[in-house]
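Participant: Chains as they are written, first to last, in this note's numbering: chain A, 4 to 340; chain B, -18 to 263.
Any given hint could turn out to be false.
What the hints assert, rightly or not - Just the calculated beta-carbon pair ranges, DEER-fashion:
#1 170/A - 251/B: 54 to 62 angstroms
#2 321/A - 134/B: 20 to 28 angstroms
#3 291/A - 241/B: 43 to 51 angstroms
None of these hints come from the bench; they were simulated from the model. Computed from a predicted model, the values in this text were never measured in an experiment. Ideal placement from N, C-alpha and C gives every residue a C-beta, glycine not left out.
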Amino acid sequence: MNNTPPGLEFEVPILDIESKLKSLLAQPLNSTVEESIRQLRRQWTETTRDIYSKLNPWQTVQVARHKDRPYTRDYLNLAFDEFIELHGDKFFGDDRAMLTGFAKLDRHKVMVVGHQKGRTYKERSACHFGCAHPEGYRKAMSKMRLAEKYGLPIICFIDTPGAFPGIGAEERGQSQVIAESMFLMSQLKTPIICIVIGEGGSGGALGIGVGDRIAMLQYAYYSVISPEGCAGILWKSHQFAPDAAQALRFTSKHLSHLGIVDDVIEEPLGGAHRDHQQMAARLKSYLLKTLGSLTNSSSEKLVERRYDKFRSMGVYLEQMEDGNQNLVGTPITADMV
Amino acid sequence: MAQQTDSIPDSEQIAKKRGVPEGLWIKCPGCSSSIYRKEAERQSNICPKCRFHLYVSARDRLVQVLDEGTFEAWDANILPTDPLSFSDKKRYAERLLGEQDRTGLTDAAITGTGMIRARRVAIGVTDSAFIMGSMGSVVGERLARLIERATEQTLPLIIISASGGGARMHEGILSLMQMAKVSAALARYHKSGGLYISVLTNPTMGGVAASFASLGDLVFAEPKALIGFAGPRTIKATMKIELPEGFQTSEFLLEHGYIDRIVDRSRLKTEIAQAIDYCGKY
Ligand SMILES: [Zn+2]
């Protein structure tokens, strides 16, 4: 495989087996071919399991950004029974980086709010590669208010490299809308489930990330800053992005240890990009289970618990009167480094 | 509530250690002229030639804004640690010690209560000299406790931001989540009817701009402060464009409707007191 995108070289052994399998499957079947296929499949499973059990944080980022990874729109097609898109922020425009609308999931009527990256180049540029402008967050807020008014649970799919950095975005209040959105979400009287499906890029992610349950796909990442941005500032060069990825502790394993993420949704072997159907099925079953448990609580209780959830985030020392220091929160332990 | 290491000033001694303007003379970023440090200090660190608002430490800021001797620090016993075992070229644990030593602060925010022209307020100030004034767990926790106390004690809330660093990278996701934590505390405070005045000073960027700094009932800014979400260099590099003159300044934000007033430092105390009077009940 000479065309492996940079960063995905670790997948080469898997891709080699996959291409061999493909050519075997194209041949007329006989017992020898069938046996080779069986062998290759075993080999594929072993190799993939081996590689994916050892992904480092930088490789995880590559999986989270994989061009074939399912996006919000894919989950809407595969996991939901209906989606009625609602456009516009009723103020400035319709940001394609933020996809919002009514959706049905079995018996549940919900509001979906999610970043959308776009698959083809044309789509990607229309969606600004998943980087929302202020109108995207205003659109999200207006649909979430609507959901609250009619008691619809809200499902947020987070998948963004970050909020859009540009002149127009600054002129139209990028800081303001992200702050307002968190402020709003912390008080909404309806259940909110947030799932990081790919990239959880900083404030742009958190802008639709305040909820009652925070979940994350196994190979997603959720970070205060992109590894490239962090490397640029602290290492003075983007080349150190893999080091920054390691230092930031942003994989699902670290974030569930830190108590930021409630649930990690396991991906199909070899990552969500290899099997959209299976990933969507797992996501759906997670959503159904979680919606079931959240819709039993009163809205007052939900808002109160949501407050306590975010209120308890942070790790610090508390100096006591007797001179002792209490450690509050759960830091990363040596074996997780 | 005990006053500990962050209880006010010994600004003389601290000034010696600070990385920010050293020496007898300082070069004004506004008009490039050399100004005599003592002269600037006499005028609240405003350039006597062009009125550029120079750096002010959190401690000096409290002295400028509060009635003399009225400040009582809260939660100075909340101290930073290194939750991720973070290391770039330097271990974060070491960096913290260095910053504490250099600035005399335990972290980038001081919070507490004091009087502004005899009106009791809850007040928080961030200091851009401590890891760029960035918000990690301690800044988030001190601010959340400040806001909760302001809610319980029905005090007006003043937060003066000077944070070029936004959410602190060295504490990773924990820093990001402080944005949500503090914003949620402000939402409760808002519901209880409290008055929140946010004062933006140079610089207020990233995760600080995109959380508590933007959520004031009233948003004031000092003249010519750099205020924005994405850093100007990031925008320039990503978009490959030249940035317009005055982009992301207080004046730019006023023009686009995001702040209520640009307030000269010499009038800040007066204007805060006035606003509190207009917003009654205190
Ligand atoms: Zn000057």
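Participant: Does each hint hold? Answer for all of them.
Facilitator: Here's how the hints hold up against the structure:
1. Range check, residue 170/A to residue 251/B: about 35 angstroms between beta-carbon atoms, so the 54 to 62 angstroms window is missed.
2. Between residue 321/A and residue 134/B the CB atoms are about 21 angstroms apart, so this pair conforms to the stated range of 20 to 28 angstroms.
3. In this structure, residue 291/A and residue 241/B meet the distance hint of 43 to 51 angstroms, their C-beta atoms being roughly 47 angstroms apart.
Going through the hint list in order, the structure does not satisfy hint 1, though it satisfies all others.
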